[in-house]
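K.L.:
Here is how the chains run, residue by residue.
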Amino acid sequence: MPIKKTLRSLSTNEIIQQLKNDGLVLAVGPFVFCIKSSLSSIASNVQKIYGDFQLLSHDDLIDFYVAIKKPRGLRSFIKPQINFYCNDSSPFLPLPASQAFPLLEWGMNWCIAQHAHHYLLLHSAVLEKNGKSVILPAQSGSGKSTLCALLALNGWRLLSDEMALIDLKSNQLHALARPISLKNESINVILNQPCATILGEVVDDTTKGTISHLKPSTASVQQVAKTVAPFAIVFPKYQANQPINTKTTEKATAFMAVIENSFNYAILAEAGFNAVAQLIDNTQCHTLAYSSTEEVLAFFEELAS
Amino acid sequence: MRIIKTCNLVTKDFSEQVIVFDPNTGQTHCLDSNVNEILNQLTVDIPKPLSQLKQFFIQDCLDDEKTMLKDYIQDMIDNLLQLKLIRVYSS
Amino acid sequence: MHTSLLVKVLKSPKIIKSFNSKDWNLLLRQASSANMLARLAYTFNNHGLMNAVPDKILNHFNSDQVKVAHLHTQVNQEVQELNQLFNKLDIKAIYLKGTAYLLADLPLAQGRFFSDIDLLLNQSDIAKVEIALKCQGWKSQKTDDHDQAYYRDYMHEIPPMQHIIRGTVIDIHHNILPVCNNNIIDISLLSADALKLNVNTTHGNHSYVLAPAAMFLHSAIHLFHEGELEQGLRGLSDLDLLLSHFDESEANFSQQLIDLGTKINQQQSLFYAWRYLNRILNRELSNTAQAFVESYQPKITNLTTIDFIFTNLFTVHHSTTASWRFSLAAQLAYWRGHLLRMPLRLLIPHLLTKSWLQLSGLIKKDSVNINKVNALDPRFHQLDEDK
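Chains as they are written, first to last, in my numbering: chain A, 126 to 430; chain B, 258 to 348; chain C, 20 to 406.
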């Protein structure tokens, strides 16, 4: 088997040049992105966080052409701002230039959520251990990203921090192994974990508060093409100072909660309904209230055993 | 009043609930599983009188149960009409 | 100048058989910018070419088709509601453009996006309908006084109305060109033969679409009078598919077009439609059409400029094909669009007021769709969402 070339094989200067000129072509799970930007914060974060990702070229098929650049016009002299572009159009309003990398991450997620309707797309984290996968839907107050990072640092393979991709034909979960976005206090929680971790630049003052990105483990990125059958759906809820509490969720309730958390259920119509029905049939569904790291890790350990 | 079922409904049964997808509106509804009993008695092309439908469900009931059950069925029918899962047939 | 690959493919779909990855990448980018992915998928399907499309690209086509199907479900729902309302008010309504193609079940509806539901009503019915819509949760989109006045005084439509929950937008017209246009169209001639839709009992029976010749002419008038031609190629492709369909289903369609075009004094739009279908999409014209195009003397001083504008706008679309020609053509078309729609004395104050409102920040540009995808947008996150 030919050895896949990763981003790590490029020098800093080569990364900067590719981003600036024709664009850097990266395989991100089942998608291929061409990323363009002349901002130095994009180059340094991409190098730090995407090192293990497979490098492709303009001779490969490309799904999304994305760019982070300054919008035209006088305003960019008064207050430096940047915008996200997907194939020439900019779906968002501009943000301050300091938030370039988080904006790129959001933008890439947006591309997938808007265009990948051959998957059922759920707003959730997905991890796998011993061939058993868990889907963690991102409900408000779930602490999904923190939990996802904790599991990823404790032997679980990261499939995705933000989005579950369920193939409509095979019903299998596909991985993205994208960086995990962490907010506010969770940055310190994760930095205190024993395994050394690489975080991207910490950016203040986004509308989310402080934000940084945890690099996905090399193993997770190397296994990105490995699909897995859905095994469990866990609806997490962080409850300060409370002992762990888990309950089996009624299937009909889980069905509706999954729909709630889907990006494209409505668009998929009957295909979406069938995919959710299959998913619910094939998985165990739990609610999980937690506060202690040890307890919650033990719960997932047992789930995967 | 005669009623018919909306075309192409897709359902997924669970123990106490049924999830109904209506491709005409794109809506998904989570309903009491008894609704399924009603939907199963209806067709998309042959209208059925409401009285006949009620009679089917109450035939084996005691008299004091009958009134209650009729009201319950009427509530479900009203709800299904509102959700457009069934409609009043007008020819 | 790059010639658009998209146009080459529309002219001759079978060239995709020899495409390499770079060609596919370019086609995908141009087609998605032109909002024509699903349309291309439809074309490839018709030519039995789906096997030539790589899986990765096919996913994009399929995704777009899924979105179009979803849009059609939504529009059908809205139309049911609207028809009930027109029934109750006893008002005749004619659906136009995308909605009409869908309701008339024309082949071009497959694979076609549209953003608004366009309606043509009698001017005298509009006030009644507007009030009834407001009672059902529809709200006028333009709120500043200048825009309201501009629409009501000079335009052929009232400000678009949007449903406050579902977000759908309805555009209500009482004519198809601005009422201040010098070349005002007698709308009754265009709508005279409107076809009642064959709808089931819940739909009611007050909904119509324009008859074939009127539908084609309206589409052409719209395309060649619009100021913003970013979707120009899509519009031309619409005309192409309409013509293919009606040339087959209608007797003497070319002559019908000439007769109606003459009656409503829009021979020029018909001339442009046939001219550019032929020049840009290589469409073969019927003998009647050909003879008309050859003998028609356009009422313009300079056909070369018009050719420059349309040839460039219909063929280039994207940064991959952009050139100075494109921006010049786009500018010219923008001004030409406005000039055609409004006399100059009205146009200048309108544009000035608009720029002033934009500069002073009174008009907010809101380009973000309201749906679950916003969860990915930084501005929609709560600070405390994730612990």
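Hints are not guaranteed to be accurate.
Cross-link-like lysine-lysine pairs, in silico, BS3-like; alpha carbons within 27 Å at most [stated by the list, open to error]:
id : chain 1 : residue 1 : chain 2 : residue 2
1  : C       : Lys107    : A       : Lys129
2  : C       : Lys75     : C       : Lys86
3  : C       : Lys86     : A       : Lys129
4  : C       : Lys107    : B       : Lys341
Just a few of them, taken from the derived set where beta-carbon distance is under 10 Å, the chain A residues facing chain C [stated by the list, open to error]:
id : residue
5  : Pro155
6  : Ile392
7  : Ala394
Simulated from the structure, these hints should not be mistaken for lab results.
This structure is a prediction, so every number in the text was calculated from the model and none was measured.
We put the beta carbon where it would ideally sit given N, CA and C, even for glycine.
K.L.:
All hints, please: hold or fail.
P.N.:
Against the structure, the hints:
The hinted pair formed by Lys107(C) and Lys129(A) fails the criterion: a straight-line CA distance of about 67 Å is larger than 27 Å. With a C-alpha separation of about 17 Å, the suggested pairing of Lys75(C) with Lys86(C) holds against the 27 Å cut-off. For the suggested pair Lys86(C) and Lys129(A), the alpha carbons sit about 35 Å apart, so the restraint of at most 27 Å is broken. Proposed proximity of Lys107(C) and Lys341(B) is supported: the alpha carbons are some 19 Å apart, at most 27 Å.
A hinted interface residue such as Pro155(A) counts as satisfied when its beta carbon comes closer than 10 Å to some beta carbon of chain C; here the least separation is about 9 Å, so the hint holds. A least Cβ separation of about 5 Å between Ile392(A) and chain C falls short of the 10 Å threshold, and the interface hint therefore holds. The beta carbon of Ala394(A) comes within 6 Å of a beta carbon in chain C, closer than 10 Å, and the hint placing it at the interface holds.
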